[in-house]
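Enquirer: Put chain B on the given structure of chain A with help from the hints.
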Amino acid sequence: MAFISLGYFGNRIYQEAASLRVSPRDNVQWTLSRLEVELLRFVVSLSPGDDADLGHVRKRFDVLYSRLEIIKAGRVFEPLRRDPAIRGLIGEFDVFLSDALPIVDGADDELRAGVDDLLAQADALRPIVREVSLNGVAVFAAVADHQRNSFERLLLGTGLFTFGLIVILGMTLYVLIIRNSVAAAKEREAEASSARLQAIVRVALDPIVVANAKGCVIEYNEAAEQVFGYSRKEAIGEDMANLFIPPEMREAHLAGMTRYLADGAPRVVGKGRLVLKAIRKTGEIFPVELAIGEAREGSQGAQIFVGFMRDISRRVAAEKDLLVARDAAMAADRAKSDFVAVMSHEMRTPLNGVLGVLDLLGDTALDDRQSEYVDVATRSGEVLLRHINDVLDITRIEAGRMEFKQEPLEIPTILEEAASVGRPVASARHTRVETRTDLAGGYDGDANRIAQVLLNLVGNAVKFTTSGEITVSAERVGAAAAVDLIEFSVADTGCGIAAEDLNRVFDDFVTLDVDYDREAGGSGLGLAICRRIVTAMGGEIGVESTPGEGSRFWFRVHLQTSQGLRPEVAPALDAGPAPAAPLDVLVVEDNEINRMVANRMLSAAGHSVTEARDGLEGVEAAAAHRFDVILMDISMPRMDGLEATRRIRAGEGLSAATPIIGLTAHASPTEQATFLESGMVKCLTKPLRRDALARTLSEAGEPASRGESSVDETDEENGDENGGPTILDDDVFGDLASTLAPPELREMILKVCAELEAAPAVIAAETAAHDVAAAAHKAAGVAALVGASELHSDLAALEAAAKAG
Amino acid sequence: MVSLIAAATSASAGDPALNLRHGGSGASVDYSLEELQAMPSTTFSTSTLWTEGVVEFTGVSLRDFLEMSEITDGSLVATAINDYAVSIPVSDAVEGGPIIAYAMNGAPMSRRDKGPLWIVYPFDSRSEYQSETIYSRSIWQLNRIEAIE
Numbered sequence: 047m048a049f050i051s052l053g054y055f056g057n058r059i060y061q062e063a064a065s066l067r068v069s070p071r072d073n074v075q076w077t078l079s080r081l082e083v084e085l086l087r088f089v090v091s092l093s094p095g096d097d098a099d100l101g102h103v104r105k106r107f108d109v110l111y112s113r114l115e116i117i118k119a120g121r122v123f124e125p126l127r128r129d130p131a132i133r134g135l136i137g138e139f140d141v142f143l144s145d146a147l148p149i150v151d152g153a154d155d156e157l158r159a160g161v162d163d164l165l166a167q168a169d170a171l172r173p174i175v176r177e178v179s180l181n182g183v184a185v186f187a188a189v190a191d192h193q194r195n196s197f198e199r200l201l202l203g204t205g206l207f208t209f210g211l212i213v214i215l216g217m218t219l220y221v222l223i224i225r226n227s228v229a230a231a232k233e234r235e236a237e238a239s240s241a242r243l244q245a246i247v248r249v250a251l252d253p254i255v256v257a258n259a260k261g262c263v264i265e266y267n268e269a270a271e272q273v274f275g276y277s278r279k280e281a282i283g284e285d286m287a288n289l290f291i292p293p294e295m296r297e298a299h300l301a302g303m304t305r306y307l308a309d310g311a312p313r314v315v316g317k318g319r320l321v322l323k324a325i326r327k328t329g330e331i332f333p334v335e336l337a338i339g340e341a342r343e344g345s346q347g348a349q350i351f352v353g354f355m356r357d358i359s360r361r362v363a364a365e366k367d368l369l370v371a372r373d374a375a376m377a378a379d380r381a382k383s384d385f386v387a388v389m390s391h392e393m394r395t396p397l398n399g400v401l402g403v404l405d406l407l408g409d410t411a412l413d414d415r416q417s418e419y420v421d422v423a424t425r426s427g428e429v430l431l432r433h434i435n436d437v438l439d440i441t442r443i444e445a446g447r448m449e450f451k452q453e454p455l456e457i458p459t460i461l462e463e464a465a466s467v468g469r470p471v472a473s474a475r476h477t478r479v480e481t482r483t484d485l486a487g488g489y490d491g492d493a494n495r496i497a498q499v500l501l502n503l504v505g506n507a508v509k510f511t512t513s514g515e516i517t518v519s520a521e522r523v524g525a526a527a528a529v530d531l532i533e534f535s536v537a538d539t540g541c542g543i544a545a546e547d548l549n550r551v552f553d554d555f556v557t558l559d560v561d562y563d564r565e566a567g568g569s570g571l572g573l574a575i576c577r578r579i580v581t582a583m584g585g586e587i588g589v590e591s592t593p594g595e596g597s598r599f600w601f602r603v604h605l606q607t608s609q610g611l612r613p614e615v616a617p618a619l620d621a622g623p624a625p626a627a628p629l630d631v632l633v634v635e636d637n638e639i640n641r642m643v644a645n646r647m648l649s650a651a652g653h654s655v656t657e658a659r660d661g662l663e664g665v666e667a668a669a670a671h672r673f674d675v676i677l678m679d680i681s682m683p684r685m686d687g688l689e690a691t692r693r694i695r696a697g698e699g700l701s702a703a704t705p706i707i708g709l710t711a712h713a714s715p716t717e718q719a720t721f722l723e724s725g726m727v728k729c730l731t732k733p734l735r736r737d738a739l740a741r742t743l744s745e746a747g748e749p750a751s752r753g754e755s756s757v758d759e760t761d762e763e764n765g766d767e768n769g770g771p772t773i774l775d776d777d778v779f780g781d782l783a784s785t786l787a788p789p790e791l792r793e794m795i796l797k798v799c800a801e802l803e804a805a806p807a808v809i810a811a812e813t814a815a816h817d818v819a820a821a822a823h824k825a826a827g828v829a830a831l832v833g834a835s836e837l838h839s840d841l842a843a844l845e846a847a848a849k850a851g
Numbered sequence: 005m006v007s008l009i010a011a012a013t014s015a016s017a018g019d020p021a022l023n024l025r026h027g028g029s030g031a032s033v034d035y036s037l038e039e040l041q042a043m044p045s046t047t048f049s050t051s052t053l054w055t056e057g058v059v060e061f062t063g064v065s066l067r068d069f070l071e072m073s074e075i076t077d078g079s080l081v082a083t084a085i086n087d088y089a090v091s092i093p094v095s096d097a098v099e100g101g102p103i104i105a106y107a108m109n110g111a112p113m114s115r116r117d118k119g120p121l122w123i124v125y126p127f128d129s130r131s132e133y134q135s136e137t138i139y140s141r142s143i144w145q146l147n148r149i150e151a152i153e
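Keeping their order, the protein sequence lines are chains A and B.
The opening position of the first sequence corresponds to residue 47 in our numbering, with each subsequent residue numbered one higher.
The opening position of the second sequence corresponds to residue 5 in our numbering, with each subsequent residue numbered one higher.
Here chain B stands alone, though its shape is the one from the complex:
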């Protein structure tokens, strides 16, 4: 745990936590962790394939995030630190839907533990969220989002 926290702090210095780029216009916005944490937060508990038991996730709801950025349709290409990328349709961003999680069980997530940002769906809440497609969209170590029309 100590190492994780240490890792978390080293990461925050320098690179922005999340970069959002508008595919059409080419505009890009950087967000820091604090900025994300300042956004209206959503918390839910769910079990996942990659964790043990039920975990509480806290983050900004993807819907809130996109609303703020005025992205209403199209799709998002979410890329992780390890260059894993997945396309998420904007329609997935619904109330009670996925969040860009920055805290797991109340504690920030280190890079060594799928952090700092992880798009987590409330898998347990709906059986539709328990499909391969959704699992593939649950991208961790998220650092870039490109909005495509």
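Chain A with its partners taken away, still in its complex shape:
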């Protein structure tokens, strides 16, 4: 459209220019003034009158005439002729000329005669001519101005139009420039981005491969070259299946790709990292970790698959090594515990034989020398046993296998136990052993281990003290919620320990008794084991000493305050083996020596013994005959003790209800729990000692009454096994009667009666439920002691009710 407009303007300019060039404007003003001049000359030629030159007159007339003709007919004077006033004037002139024509064309004398007339007429025309001339000037000036104006306007219009065009062009140019720079910037950005991505892909340490929908490789980085072995040139354009996928997997791959392209449901694409096998150019198959993503090249671009891979052969190998190492470590650990178990069993078993036989021997008639030999042998055996136990303890603690029981403790009892063991030797060295504590019961813990530590400390104290005093004490040094910190200590007035040795004493294999014969056995592990035990219990152990004045070994442990309140009167401990009624005992033990020992011990105690050589025989024997007690060894061939126990219990044999006591070399609480679960009532550890055996038998001996599970001495319910509580349980009372000497028995009965009579009042006096329960508990214990089962169970119910609120 701009072109059309330009064309229009151009044409108009051209036309105007052309018209200007053509300039059909002869000098109009000149012509008009000429008219006046020629009229004047005509007049002048006429003026001499009679002397006028007629030729001159005629000439002047012709000139005038032709001039008017031009005005009348000339094209250029058209605008003039349009003006009516001027037309009128021209008309008048014309009239004059046509009137004068015949005279001028006439004969000379005619002309001469008419000169004056002509003169007058011509003179009269002068103002007319003047007017025509002036009017013409105005008219033509106007015309010229008009033309100039229109041309000026045209030029201006064109100029503006052109200017506008230029502006538009300028703007267009500007827009184009901007667009161009934007495009250039975008291009630069795209270039930079592309270069960046290229760099990333190139520099990546792991192979990156891009393939199109047909599976042809379209991108392949340096890392890929290194991992797969194909050069970039070799890889690009090739089908990736042929390059990277092991031959046997290619078909599956192809099927997978086809399926994915068809249904678009990804199984591998975009599903995170997968571990697959890939193949190198060399043909080596290796494990690879792969992640595939899908993309499109641009918004309408082709579908591409980008694969990030990692050669994980090293990692897989490392994992395998790790597994192997772990298995080896686990195997080693297992071997260690197996070792512990085996050694525990293997070492204890023969020792059992030795000690057992020595016990028996000691019972036979011996002269003094023989007695002495037996003593020595026994002591040595016991030392050996202690060593074995120590070593096994250490091994167990180191292997983290030492477990601690949480059972109600009687602290005074434990202290007394330790003291009494040390007293014989101490007395021989003129040393007294005392206990001191104001704690009683109410704590849970592992009594055996605490006793073990105390025994060790007492033993040391006795060793290093002559004519002195040894005090075994326990006191509470800290209290917290449900847990108290108890400090046990063994203080002696012995020779003390030098300051520089104080730190060493707890180390392995450190003994300080250079000056004394090592009669008690100083492997140097005693304190080391104590330390381990205490530390394993979460406690601390230490020593204070002043050389020449004495030492004080202490250890602190946290003990849980007992959940159940314990009777403050502890049942008699270590009252020696009560003479038990003769029992019918079945001994199930595979080891011949052990069997013999057990047999002799039992026989010596007055029991009748039946032997069974393994679990199977044991079960058969138990089925055939009702025994009072069965002693069941745990580890036996063909059928072990646990299985045999289960069978006996489950079976319909005559001894199905017989209490079974397990004999084991293992002593861990979990194991013991297992035994008890299988149906045993108790566990004895080997080597079997007469005293322990006798005690156990005396406790378990009455099958009808007590039959509940416990390893320690404390006992709870009774009587429920055989139909309801009786007012006075004869068996219990009988036991008590047989245990205590008559005067003691009488005293006890009186005490008990007094307590029980006071009990209701005492209980009623308590207001808090807690205290009611405590009182009831106490009374229940007392009742149980004498066998007042019915009373006991009533009181127990009261206690339970009080506890419940």
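Since the hints were derived computationally from the structure, they do not count as laboratory data.
Bear in mind that the values here come from a model prediction, so they are computed numbers and not experimental data.
The beta-carbon is built from N, C-alpha and C at its ideal position, and this holds for glycine as well.
Please note that the accuracy of each hint is not assured.
[Unchecked claim] Taking CB as the label site, the calculated pair distances span:
#, chain 1, residue 1, chain 2, residue 2, range
1, B, T137, A, D96, 37 to 47 Å
2, A, F49, B, E71, 49 to 59 Å
3, A, P130, B, V59, 21 to 31 Å
4, B, E71, A, P130, 47 to 57 Å
5, B, Q41, A, G56, 42 to 52 Å
Expert: Chain B alone, transformed into the frame defined by chain A:
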């Protein structure tokens, strides 16, 4: 028309139609109408500012005239009966250029009608001939030419 013819005849008696004077040498030559008519004539048609429509002019081409007079350069001062004078460069006298016209539409021109001689350019033939300068050189009622070097 009758008067025009009459005028034409009265003019021819006595004065020469054209006087040519050489400015440098001072020589002058008179030419009568018949003498001019005897020279090689040129005819063309053109419209002019002073006539109506297209008119046929017959006359002697200025170039021919000057050639005969051996005038090759310089300029001419052409004067008319009414003492109008104009300077015409000799270079204007070209083939197809101005003529000293003595007949309009085949008929001689009377003194009352721009005659007897009129230097007419073929205005229509060229746009260059349509300028003020050329118009001013188109002198009618020509009777004298002075050639100046």
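Enquirer: Find the hints from earlier in the document that the structure breaks and name them by number, from lowest to highest.
Expert: The structure conflicts with no hint, since it agrees with every one listed earlier.
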